[in-house]
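Student: Given next are the chains, with one letter for each unit.
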Amino acid sequence: GENVEQHPSTLSVQEGDSAVIKCTYSDSASNYFPWYKQELGKGPQLIIDIRSNVGEKKDQRIAVTLNKTAKHFSLHITETQPEDSAVYFCAAVTGNQFYFGTGTSLTVIP
Amino acid sequence: DTGVSQDPRHKITKRGQNVTFRCDPISEHNRLYWYRQTLGQGPEFLTYFQNEAQLEKSRLLSDRFSAERPKGSFSTLEIQRTEQGDSAMYLCASSLGGSGNNEQFFGPGTRLTVL
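Chains as they are written, first to last, in the working numbering: chain H, 14 to 123; chain A, 665 to 779.
Rather than coming from a laboratory, the hints here were simulated on the basis of the structure. C-beta: ideal position from N, C-alpha, C; glycine also. Among the hints, a few may not be true.
[What the hints assert, rightly or not] Listed next, with one range per pair, are the computed distances between beta-carbon atoms:
id, chain 1, residue 1, chain 2, residue 2, range
1, H, Q27, A, T684, 21 to 27 Å
2, H, E52, A, Q681, 40 to 46 Å
3, A, A717, H, E96, 26 to 32 Å
4, A, G736, H, E52, 43 to 49 Å
[What the hints assert, rightly or not] Residues of chain A clear of chain H, computed beta-carbon distances all greater than 10 Å:
id, residue
5, A717
6, Q718
7, S751
8, E767
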């Protein structure tokens with residue numbers, strides 16, 4: 014089955030700096046790659062996603078890039094704010110199956 | 665608020681007891697998923713429904729676990745004879761389904777503690 018690895022597990026940045034989280038996957042059949050933000054005590058919330066026919070997607074301060082050849086995708090958050098502090102999960106989707114990474118705990122220091 | 669609701673939000677039970685959780689998906693979504701999440705891990709797939717049909721079950725879903733979606737709307741997840749290892753957050757998600765519509769929207773989860 015699919016194996017998703019996510020790095021780093023923790024990340025601290027100064028407010029205003031950029032944050033980058035990287036994921037790799039193993040199954041070349043995966044064709045959808047969502048990113049979720051999870052705050053304490055809440056369920057994951059979809060923040061951005063990308064499909065396999067696209068290399069990059071941007072939504073305001075958040076962008077995702079996908080390299081299908083290398084089987085890796087990344088989340089980029091620019092101009093970070095304290096409210097960006099949360100745990101972020103990547104996922105690789107094959108058919109209807111979602112395979113999640115182990116999460117990155119992001120702390121934005123004011 | 666994604667529109668997916670779960671009840672209860674928290675459940676504390678003694679080992680050996682049975683528990684049941686409910687999920688109400690977004691009303692027009694025909695796919696419903698159950699996941700388990702333990703501390704420091706991402707959600708792990710348990711099972712999924714297309715309307716009322718349970719189409720896939722993970723090997724994580726032992727015979728103590730059963731899920732239903734009788735009318736293709738809300739779903740229940742029951743755990744019988746709970747064990748301490750069942751302590752986790754149980755998440756429900758729904759999606760519209762169909763080609764290109766596999767975005768999943770998660771509920772807030774039910775946190776289970778087995779004493």
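Student: Confirm or reject each hint.
Tutor: Structure-based check of each hint:
1. Q27(H) with T684(A): 21 to 27 Å: violated, 46 Å
2. E52(H) with Q681(A): 40 to 46 Å: Violated, since E52(H) and Q681(A) (Cβ atoms, about 30 Å apart) do not stay within the stated range.
3. A717(A) with E96(H): 26 to 32 Å: The hint (26 to 32 Å, Cβ to Cβ) is violated, given that A717(A) and E96(H) are roughly 40 Å apart.
4. G736(A) with E52(H): 43 to 49 Å: violated, 31 Å
5. A717: holds, 12 Å
6. Q718: holds, 12 Å
7. S751: Given a closest Cβ separation of 16 Å, the condition holds.
8. E767: Violated, because the least Cβ-Cβ distance between E767(A) and chain H comes to about 6 Å, which does not exceed 10 Å.
Hints 1, 2, 3, 4 and 8 from the list above are not met by this structure, while the remaining hints are.
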